[in-house]
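S.K.: Those sequence lines, one after another, are chains A and B.
Residue numbers for the first sequence follow the numbering used here, beginning at 1 and rising by one.
Residue numbers for the second sequence follow the numbering used here, beginning at 74 and rising by one.
Keep in mind that a hint or two might mislead.
From the structure, some residues in chain A lie toward chain B, with a derived Cβ separation under 10 Å [unchecked claim]: (1) D11; (2) G53; (3) E57.
Some chain A residues flagged as far from chain B (calculated, every beta-carbon gap over 12 Å) [said to hold, decoys possible]: (4) P2; (5) P4; (6) R5; (7) F54; (8) K72.
Everything labelled a hint here was simulated from the structure, so no lab data went into it.
Computed from a prediction, not measured in an experiment: that's the story for all the values here.
Idealized CB from N, CA, C, for every residue including glycine.
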Amino acid sequence: MPEPRVIDGRDMEPPEPLERALAELSTLAPGEELVMLLRCEPLPLYSILDRTGFRYESVPGPDGTNEVRIRKA
Amino acid sequence: MPPTLSFEQAPPISVPYRFFLTAPLFGAVAGLILAVLGPETFASRWSRGALAMTHLIVVDFMLQAMCGSLLQFVAVVAGANIWRPRLVAAIVHPMITAGAILLASAFLFEQPVLFLLAACVFVAALGPFLTVMAVALLRTPARGMSIHVLRLAVLGLLVTVVIGATLAVTLGLASNVHPGVSLLALVNVHVAWGLGGWALMLVIGVSYLVVPMFQLTPAYPVWFARLLPAGLFVVLCVWTLQLGPGVDGAQAWQAGAARAGVVLAGAYAIVTLWLQSRRRRRQTDVTFTLWRGAMLSLLAFAVSWIAFEALPDLGGDSRAPIWLGVLALPGLFLSVITGMLYKIMPFLNWLHLQQQGGTGNSMPNMKQMIPEASMRGQMLLHFTALGLLLAAVAWPALALPAGLALTASCVWLEWNLVGAARLYARVRATMRAATAGPAAQSDHP
């Protein structure tokens, strides 16, 4: 299994994490995973993922970090 | 987890943009009034120039920008369903514009009938706006301090409009519609609710979300975030008691209430500056600097207020309220609004283009929506204008350069915002042409 691509958006100003995620998603291969580390629930990203055929799961961490794992559906 | 933005309910981009693109124009007119009328404008808060300038800034600049922002913000932050935003904007925007022109003209040319017309137009414009906003904010399932504070701000606008309309009718009819209530008490309460209950409350509610999110600071301490709006609201209610029958306008508890409100405002400035000093990213942008300038102005306002109380010779000067007004209006509110417009418009451009199918290659990124150098230049001119306006309070001969600097700053802001709107239109047209191109070719082989 390939290493997941990681975007640490915790210290990025919105919408930079979203911009970077969209750039990565355009080249994400089937089976490959994109992991985003954020300090919020990225609702705009979720609506884009729902529209464009990706599935995702969000795991809140104890330090307030939200880990969002994204794959092609 | 901090509050989150949801764009499912976002109104069409034309709804906020018509407000945003109108607002700076009237700041420019306010500057021209100062430049033309000269030193007499800053002689007293009651001069026709000062009253006209004040209302051009608070109604046409601030209210326009804040109504446009609220239509966007309530939908996005509260996920609230605003009733027919396009129709509301189409009615409210031109009427606020007309009402503000009527009101400023009424002060400038001292025409009573214009006060009556302005009162009618404002009630007709803001009545529906407040109703739509109140329904949206009361029905939203969203929770959080920002939502509660926005509700208080909308209530603050309601009180401001009711008392403002009463004042306008009083001036229009040249007789007190409420015998027993002094005109000065009405003005005092109108100003306090307008600046504290509406404008500052809105800034506070918005800052709870945007300061941590966009400036990468820690969140406001929970106890402070709860205490501040509640305390401000209680102070405003106590202050309003001066409208009660037989209340002496100089009672000590009124001075105490005013002082408590000023201390709360000063504490808000200090906490925001403290949070900014603890931001996680060292880079600063124009919005960050404008917010910092705004908070320093608010702190200077609070310190000046206390100093004017402690030094009656200084505080009794007719120009003392003008000094406070300059710190509050261009210093605090125009700085915050300018900073927010520089963040909101690129964000909305990007978001709406992205929703229409734009990709990294076909659309500019956030930082390309308004040139950084142009925003920074305008910001420096804005702070220069602020400095000149403060200097003109002490040295009236500076009224002309101060007025021209304010005008130039607002014109430059307008230029930057129009540039962003035009870029949006251009990229959208290019994207649509690219989409239509292959289809057109397949239709006509």
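S.K.: Once the shortest beta carbon distance from A:D11 to chain B is found, is it less than 10 Å?
M.R.: holds (5 Å)
S.K.: Classify the label on A:R5 as holds or violated, using whether its beta-carbon is more than 12 Å from each beta-carbon of chain B.
M.R.: Consistent with the label, A:R5 stays out of reach of chain B, its closest Cβ about 15 Å off (over 12 Å).
S.K.: Mind verifying the non-interface call on A:F54? Its CB should be farther than 12 Å from each CB in chain B.
M.R.: Given that every Cβ of chain B is farther than 12 Å from that of A:F54, nearest at about 15 Å, it holds.
S.K.: Does A:P4 sit more than 12 Å from chain B, CB to CB?
M.R.: A:P4 clear of chain B: closest Cβ-Cβ about 21 Å, beyond 12 Å.
S.K.: Does A:G53 meet its interface restraint, that is, does its C-beta lie within less than 10 Å of any C-beta in chain B?
M.R.: Result: violated, 14 Å to nearest chain B Cβ.
S.K.: Minimum Cβ distance from A:E57 to chain B below 10 Å?
M.R.: violated (16 Å)
S.K.: Is the Cβ of A:K72 more than 12 Å away from each Cβ in chain B?
M.R.: At about 17 Å from chain B, A:K72 clears the 12 Å cut-off, so the statement holds.
S.K.: Please settle this one: A:P2 was flagged as non-interface, so is its CB more than 12 Å from every CB on chain B?
M.R.: holds (22 Å)
Violated hints, listed in ascending order, are 2, 3; each of the other numbered hints is respected by the structure.
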